[in-house]
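Protein chains: 2
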Amino acid sequence: MANIKDIAKMAGVSVTTVSRVLNNQPYVSAEKKDAVRRAIENSNYQPNINAVHLSRGKTFLIGVVVPFSNHPYFGLLIEGIANEALKNNYKLVLFQTNYEESREIEALTMLKYKQIDALIICSRICEWDIINDHVSYGPIILCEDARGRKVSSTFIDHYKSFSKALEYLYQRGHKKIGYCIGRRTGANSQQRETAYKDFLMKFNERLEENFIFLECFNFEDGERVVERLINMSNPPSALLVSSDQVAAGILTCCKELNILVPDELALMGFDNQPIAKIMNITTLEVPLIEIGRRLYIQAMDNTTISHDEIQVKLIERLTV
Amino acid sequence: MANIKDIAKMAGVSVTTVSRVLNNQPYVSAEKKDAVRRAIENSNYQPNINAVHLSRGKTFLIGVVVPFSNHPYFGLLIEGIANEALKNNYKLVLFQTNYEESREIEALTMLKYKQIDALIICSRICEWDIINDHVSYGPIILCEDARGRKVSSTFIDHYKSFSKALEYLYQRGHKKIGYCIGRRTGANSQQRETAYKDFLMKFNERLEENFIFLECFNFEDGERVVERLINMSNPPSALLVSSDQVAAGILTCCKELNILVPDELALMGFDNQPIAKIMNITTLEVPLIEIGRRLYIQAMDNTTISHDEIQVKLIERLTV
Numbered sequence: 001m002a003n004i005k006d007i008a009k010m011a012g013v014s015v016t017t018v019s020r021v022l023n024n025q026p027y028v029s030a031e032k033k034d035a036v037r038r039a040i041e042n043s044n045y046q047p048n049i050n051a052v053h054l055s056r057g058k059t060f061l062i063g064v065v066v067p068f069s070n071h072p073y074f075g076l077l078i079e080g081i082a083n084e085a086l087k088n089n090y091k092l093v094l095f096q097t098n099y100e101e102s103r104e105i106e107a108l109t110m111l112k113y114k115q116i117d118a119l120i121i122c123s124r125i126c127e128w129d130i131i132n133d134h135v136s137y138g139p140i141i142l143c144e145d146a147r148g149r150k151v152s153s154t155f156i157d158h159y160k161s162f163s164k165a166l167e168y169l170y171q172r173g174h175k176k177i178g179y180c181i182g183r184r185t186g187a188n189s190q191q192r193e194t195a196y197k198d199f200l201m202k203f204n205e206r207l208e209e210n211f212i213f214l215e216c217f218n219f220e221d222g223e224r225v226v227e228r229l230i231n232m233s234n235p236p237s238a239l240l241v242s243s244d245q246v247a248a249g250i251l252t253c254c255k256e257l258n259i260l261v262p263d264e265l266a267l268m269g270f271d272n273q274p275i276a277k278i279m280n281i282t283t284l285e286v287p288l289i290e291i292g293r294r295l296y297i298q299a300m301d302n303t304t305i306s307h308d309e310i311q312v313k314l315i316e317r318l319t320v
Numbered sequence: 001m002a003n004i005k006d007i008a009k010m011a012g013v014s015v016t017t018v019s020r021v022l023n024n025q026p027y028v029s030a031e032k033k034d035a036v037r038r039a040i041e042n043s044n045y046q047p048n049i050n051a052v053h054l055s056r057g058k059t060f061l062i063g064v065v066v067p068f069s070n071h072p073y074f075g076l077l078i079e080g081i082a083n084e085a086l087k088n089n090y091k092l093v094l095f096q097t098n099y100e101e102s103r104e105i106e107a108l109t110m111l112k113y114k115q116i117d118a119l120i121i122c123s124r125i126c127e128w129d130i131i132n133d134h135v136s137y138g139p140i141i142l143c144e145d146a147r148g149r150k151v152s153s154t155f156i157d158h159y160k161s162f163s164k165a166l167e168y169l170y171q172r173g174h175k176k177i178g179y180c181i182g183r184r185t186g187a188n189s190q191q192r193e194t195a196y197k198d199f200l201m202k203f204n205e206r207l208e209e210n211f212i213f214l215e216c217f218n219f220e221d222g223e224r225v226v227e228r229l230i231n232m233s234n235p236p237s238a239l240l241v242s243s244d245q246v247a248a249g250i251l252t253c254c255k256e257l258n259i260l261v262p263d264e265l266a267l268m269g270f271d272n273q274p275i276a277k278i279m280n281i282t283t284l285e286v287p288l289i290e291i292g293r294r295l296y297i298q299a300m301d302n303t304t305i306s307h308d309e310i311q312v313k314l315i316e317r318l319t320v
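Chains as they are written, first to last, in UniProt numbering: chain A, 1 to 320; chain B, 1 to 320.
In silico DSS-like links for lysine-lysine, alpha-carbon gap of 30 Å or less:
hint, chain 1, residue 1, chain 2, residue 2
1, B, K112, A, K87
2, B, K160, B, K150
3, A, K112, B, K58
4, B, K114, A, K58
5, B, K9, A, K114
6, B, K114, A, K33
7, B, K160, B, K313
8, A, K255, B, K255
9, B, K112, A, K32
10, A, K255, B, K277
11, B, K150, A, K33
12, A, K112, B, K33
13, A, K32, B, K114
14, A, K58, B, K58
15, A, K114, B, K32
16, A, K114, A, K5
17, B, K32, A, K112
18, A, K114, B, K112
19, B, K277, A, K277
20, B, K87, A, K112
21, B, K114, A, K5
22, B, K114, A, K87
23, A, K313, B, K255
24, A, K58, B, K87
25, A, K112, B, K112
26, A, K114, B, K114
27, B, K9, B, K32
28, A, K114, B, K33
29, A, K58, B, K112
30, A, K277, A, K313
These are calculated hints, taken from the structure and not from any lab test.
Make a model of the complete structure from these sequences and hints.
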């Protein structure tokens with residue numbers, strides 16, 4: 001069976017050129033590419049790339065941990081990571097965890113066993129000690145504030161963002177403000193809860209536990225929120241909603257039930273997804289594709305730990 | 001350095017058991033698992049899983065080709081594939097092509113070089129001869145009608161579905177029917193176009209080229225459709241929209257511009273995404289998670305070529 005040297009000889013090029021063609025890398029002339037491809041066709045050469053990677057210690061695979069694949073928030077993050085990875089001939093290995101810890105550990109284990117070159121965790125479930133156990137095996141990058149930790153991160157300061165949004169609503173006359181989030185236990189949600197409590201304390205408002213709506217991830221979760229609202233004797237006058245999708249779902253249900261937005265219920269979303277633009281939802285813009293791009297760049301850096309804080313921007317529209 | 005036999009000896013278990021634990025496979029007692037993990041911790045054993053896979057000829061990776069990661073249609077397909085893969089300890093390698101042919105060829109090349117065990121193409125760009133050149137390297141599964149081809153497929157008969165939807169609109173009194181699709185050149189779109197032309201011929205209606213709206217993928221594309229509609233002197237009275245997202249975008253813009261749905265414009269979506277339910281959009285249900293599940297099962301079958309036709313279901317709501 002022909003080997004890479006035979007191919008190089010047949011094609012009249014260097015072994016390096018053959019390797020570049022096989023790995024789809026740039027800087028090879030069209031003529032040389034053709035010559036290599038013809039030589040490969042005429043021989044029975046069939047490289048086992050896993051063996052190539054083994055000798056090189058690189059897989060050109062990057063792991064990405066997300067709880068769901070079918071959510072626009074994670075969709076945009078993946079899109080940002082994938083677009084940058086594409087430029088560098090890296091492929092994404094997707095770990096959909098459904099927020100099960102064992103799935104995240106599997107991803108960390110793949111990093112340990114060198115099946116992927118780096119791991120981006122878009123939404124973490126594992127405790128820090130498990131992450132720490134794996135930092136020596138390759139870059140682990142988080143999409144949450146990991147300052148002071150042994151991993152790189154690109155993040156939004158959710159305490160600051162939530163405080164900014166709450167104060168904006170307060171300035172617009174709202175004192176009874178509730179909020180909607182996904183899972184309560186996530187690092188980002190905890191920052192938001194702290195911001196909420198500090199806000200209430202600052203303005204001498206009482207914490208109403210039923211102003212907090214949990215497990216709000218998708219458009220359809222908005223229905224549940226509105227059902228709860230209409231059964232409340234003293235409902236909030238404004239809702240801070242950690243996802244534009246959920247805000248859009250709430251707005252749609254309000255329109256059906258003739259609940260006036262913002263007069264009877266003000267709504268503020270997060271992310272500035274396309275749906276927020278079309279439905280004129282006031283929101284905090286989070287540049288998710290840019291965050292994805294930075295997460296990828298950090299993942300490719302084997303030597304430095306860095307922390308990129310991304311600023312959010314208030315987009316005033318018609319729901320507050 | 002310790003090898004797998006040393007670990008087995010230290011743990012007092014068989015090599016097979018160590019292998020099962022390393023690969024996170026079932027049927028190992030908690031005691032044995034612990035013993036193996038302790039032995040690994042006490043040794044300096046660090047398996048290179050790529051070497052293990054090399055000897056075994058399996059990667060436990062399955063490739064999935066999608067044009068975009070951030071679209072609910074592909075999100076649900078990926079979710080269906082991922083949920084089934086999770087159960088079997090398979091991981092997904094995501095190839096986001098942005099509809100560039102070279103990206104799809106990269107995925108096929110990874111199959112050729114045994115970096116993935118199988119490849120699911122959710123939306124194909126390559127010509128059939130390129131696909132055919134790769135069928136000998138491993139299972140390639142398509143999400144389009146591939147009957148008569150050398151690859152397995154799970155698919156909707158888009159000719160039948162589109163015809164069904166068009167006749168439904170016709171029965172409801174609509175003679176001027178337009179449609180919105182993504183790219184015109186895709187296999188599914190071509191089936192739809194044929195169904196549309198056959199429908200017009202059957203009912204002696206003239207083809208109005210400007211009743212066809214292309215490049216409609218997302219919610220925000222609905223805005224463009226409505227802009228074009230309001231500038232038409234003789235607009236269609238009904239639109240068949242190949243994506244609920246786009247239908248939802250159109251409906252939202254119609255509401256803003258006080259265009260009455262369905263009286264002035266009837267809308268029929270595709271997929272029955274959550275947004276269609278909430279916005280009461282009449283649609284054809286496509287069970288995307290189930291399709292994803294079947295695509296995975298076909299991908300794991302190395303020996304048989306099969307073709308699963310999935311039926312769509314008309315969901316009557318308020319937009320027709």
